[in-house]
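Residue numbers (our numbering), protein chains in the order written: chain A, 8 to 281; chain B, 4 to 406; chain C, 40 to 302.
The set of hints was computed from the structure by calculation and includes no laboratory data.
If you're wondering where the values come from, they're calculated on a predicted model, not measured in any experiment.
The beta carbon of each residue, even a glycine, is placed where N, CA and C say it ideally should be.
The reader is advised that the hints may include incorrect statements.
As the list claims (entries may be wrong) - BS3-like cross-link-like pairs, simulated, lysine-lysine; straight-line CA separation at most 25 Å: (1) C:Lys-94 to A:Lys-85; (2) A:Lys-117 to C:Lys-209; (3) C:Lys-209 to A:Lys-116; (4) A:Lys-99 to C:Lys-209.
As the list claims (entries may be wrong) - Computed footprint of chain C on chain A, listed as stretches where at least three residues anywhere in the stretch have a Cβ under 8 Å from a Cβ of chain C: (5) 67-77; (6) 225-238.
As the list claims (entries may be wrong) - A short, non-exhaustive set of chain A residues, derived as facing chain C with CB atoms under 10 Å: (7) Asn-81; (8) Asn-115; (9) Phe-140; (10) Gly-146; (11) Gly-147; (12) Met-148; (13) Leu-160; (14) Ala-173.
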Amino acid sequence: MSSSLNRKPVSQKGYLLVENVEHDFVRTQVLQNIGFTVQAGEVYALVGPSGCGKTTLLHLCNGLLDLQDGIIENTFQKTASMFQQPRLLPWKTCLDNMTLGLKAKGWNKKDRNLKGLKLAKLVGLQPSDLEKFPHQLSGGMQSRVALARVLLLEPDLLLLDEPFSALDIGLKTELYQLLLEQQTQQDLAVLMITHDLMEAVRLSDNILLMKSKPGRIAASFKLTRPPSLRDDAWVYQTTAELLQQPIVRESFELPPPTSPSPVDLATREWSYTC
Amino acid sequence: MLNHPVCLCAFRPFFLLSLVSGLISLFLWLGFLQGWWVLPATTSGIIVWHAHELLFGFVMASLAGFILTAMPEFTRTPDVRRQIFLGLAVLWVLGRITFWASGWLGIVPTAITNVGFSLGLWLYLQPRLLVNPLRRQWLFSMGLAGMAGISIGFYSDLLRDLYPMRWLHAGIGMMMALIVITASRIAMRIVNESIEALPINKDENDQDLPDEYRSTPPRRNLAVFCILLYTATHFIWPQASVNGWLALAAAASVFNVLNDWHVGRALFSRWPLQFYAVYWFMAVGYIVLGLQHLGMPIPASSGWHLLSIGGMSLSVFSVLCISGRTHSGHQLDERNWVNLVTCLIIIAAISRALAGWLDLPLNLLYLISGSTWLAAFSITLYYLAPVFLKPRPDGGKGCEEPL
Amino acid sequence: MHLLRSTLRELPSYLWSGWGAICSLLLLMAAWQLVSELYGSLVLAQPLEAFASFKHLWNNQTLPEALIITGRRALSGLLLALGLGTGLGLLAGVSVTAAMMSRPLVTVLLGMPPIAWLVLAMLWFGASDGTPIFTVFVATFPMVFIGALQGARTVDNQLNEMAQTLQLPKRMMLFDVYLPHVFSYLFPAWVAALGMSWKIVVMAELLANQDGVGASLAVARSHLDSAASMAWIVAIVLLLLGIEYLFLEPIKRQVERWRVTEA
């Protein structure tokens, strides 16, 4: 069934192709027959219950795990990852943390600090914050540093493992907004993990719904309205519509709907394939 | 009579009485030291008279004025009623008269009035100090109780025909502890106001400096503990060497309090600097006392006078200026006489402390110290008496801060 | 360079914060004074007597000479332990097998009382410098070893992953990720070892040697000279306090600035 999900790459800008990927931990199969393709400028969301293998899949994509079976082809120039936690080096100041990736590429201190300072303003960090150590900043500020660290690399593919899930809803929205601006400006490809369906509806073009034991793609939803035009009402409406789908309920192990659907499915702006 | 502006608030009569009585008793004392006249006979001699009048007269009146005005504010209770504070003031005046005339009247009248005053002050305030569980003022309550206890001890010694000087030394120690407690309360405001008054100038060098002054209770409590410990051991064993170490420990603990005060440029404005000087005098005074106990050939009276002139007189002056003006509806005084008086008090403290060292001319130093002190507080009286005697410029009818 | 500058800038306020410590020490002096007055100078000399004796010993060069001898012994043993303990500990930390194997050994070493080592050392080295040096080494080695081992074992895998996705080169992995972490375990162990070495060396000298602070302490005791005994003890404690507050603590503040939590 996965073959129907795969479209052959058309863009020259680079793509992430995942085909027939399977993964076992010792004797448990955690991923079964995964396949999809992310192209430049596309936002893919992996949605599914906890423990369905989303993080494993992402780690296969960013090379933290070795591929056992199948094909993962990444032709993007620069891939960057964000994790659930900010993962800042506690013994480095925020500026040094931000520019760590540039340092790895051999930039000299002056240049990378200059670039870091410029970007810091964009993600809402004060110059005085940059001299501080991570423990002196709030969780939200730490996440901003982590975001800046990734954006400084000017990646063309971003792999996000629920990077803002620990933040309050206001901060989360703000940081995602920042990210989306970059995404549209730079024509970034994004593969993000979330267990929050509404988040996926708000941000992504394609939602890959995963089921657990073993982790596999149960359905793929394509959202047709561009992210910039999605207002709250649309997001609520669409999330509710998706939640009416038996396949979604089954994958999140929700009981079948007891009352008839409160939403009108006639106006839906999405399509799905199994 | 009750409607005269001097009765608007508790501090007005008390601060006025404090200044007048201090000036008279120090003038008499200086004249006596210089051999210009003899003092009327009082019980147990003139040195006791000198110490008692400045401690239980001059300082105690300022303390009463401050506490009767500030405690209602600290505890959010109503202002002290006129009848009450005027009654206490009358009792205090009677205490002065009976003590000065104790050569003729005997000890009982002065014991009743003086003990009555300090005990009455404590008992009257006690319910307010402890009523509000969120704003309990244990330290002030214990300080006032301590002063009352010291007064009782002093007179019980007198009645038993013992030499009562040890109680006056204990009184100085107790006042030092009260100053540490009080100064941190006042300074919290004064220092932070100076910090806010600084021009905003975020240059790199100032990044590490604290942008707020906060008096940390552990340091303050350590200082109070060390001061009281020394006061207690000195009271029990006046000659013991252990006093030396404890006095030095008290000095170190006072210096330790100054850690909170090093807030950068804001310290170099007049009000913070006054309190800063008070702490320095206290610390140096205890160092002198400590070295003296450990056998250095220096006079103990140097130490006691560093504490009493540098510590007490200077803080009395600060409290008079700050509390006296803000609670009568004036802004803090920015005129130069304040700095002049501060310098005069500092000269008085240092010159008195030097008396008795090596071969320095004793009488000349006494004269310099006494006359600078008199000059300082005469100027204070000249500038502050109108504040206490006239109605508030903002039309206020009580103790509230400028409207 | 940056480190030095910020140390110098914080120096005045750091030194001033010493008043709290001085205050506690003076309270201790007061207690000492009380006890000595209670039991008499023969049992415990008064502080001023001890200080006079200290001054005397200092002026006739006995004290500085002994301090140098003792310091040399303590430092030799310590440096040996720091070098070997750190190196072997890190190696053991890198390999799980080696860590598994060495843990019980270190537990034995840590549990063995230094005085037992001293007995062995006296058998092997007699009254030479070897006895105190060996005892210091063997008593401080396991502390350093375990610090290095734990530092190497607990490298944060999350940070490791982060560094991998940023494609940090090997050299940066070492200097920016691993070493700062390991050092945060090593440094406290070094400091503890330093304090320990000073105590052990005095004990070893007291029993085994003819010179040094420990031996002088033994001599003062045999002469029933309570003032001199206290003078030697004061010298030992002063040096320890000096190292702790004037040398180690400022370094610690700078090195561990990133750890300090806002009060």
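Are the Cα positions of Lys-117 (chain A) and Lys-209 (chain C) separated by 25 Å at most?
Answer holds: Lys-117 (chain A) to Lys-209 (chain C) is near 22 Å, not above 25 Å.
May I ask you to test the interface hint for Asn-81 (chain A) with respect to chain C, counting a Cβ-Cβ separation under 10 Å as satisfied?
13 Å, violated
With the threshold set at 25 Å, check whether the alpha-carbon distance from Lys-99 (chain A) to Lys-209 (chain C) stays at or below it.
18 Å, holds
Given Leu-160 (chain A) as an interface hint, is the shortest Cβ-Cβ distance to chain C below 10 Å?
Holds, about 8 Å.
Quick check: the region 225-238 of chain A, covered by chain C? Criterion 3+ residues, Cβ under 8 Å.
Violated, because only 0 residues of the region 225-238 of chain A bring their Cβ atoms closer than 8 Å to Cβ atoms of chain C.
For the hint on Asn-115 (chain A), just tell me whether its beta-carbon gets within less than 10 Å of chain C.
Hint violated; Asn-115 (chain A) Cβ to chain C Cβ min 14 Å, cut 10 Å.
Are Gly-146 (chain A) and chain C close enough, Cβ to Cβ, to be under 10 Å, as the hint says?
With a closest approach of 15 Å, the Gly-146 (chain A) hint is violated.
So, Gly-147 (chain A) near chain C? Judge it on the closest CB pair being under 10 Å.
16 Å, violated
Given the hint that Lys-209 (chain C) pairs with Lys-116 (chain A), does the C-alpha gap stay at or below 25 Å?
Within the cut-off at roughly 19 Å; holds.
Classify the hint on Ala-173 (chain A) as holds or violated, based on whether any CB of chain C lies nearer than 10 Å to its CB.
14 Å, violated
Just to be careful: measuring from the Cβ of Met-148 (chain A) to every Cβ in chain C, is the smallest value less than 10 Å?
14 Å, violated
Verdict on chain C covering the region 67-77 of chain A, where coverage means 3 or more residues with a C-beta closer than 8 Å:
holds (count 3)
Checked against the numbered hints given earlier, the structure breaks hints 1, 6, 7, 8, 10, 11, 12 and 14 and satisfies all the rest.
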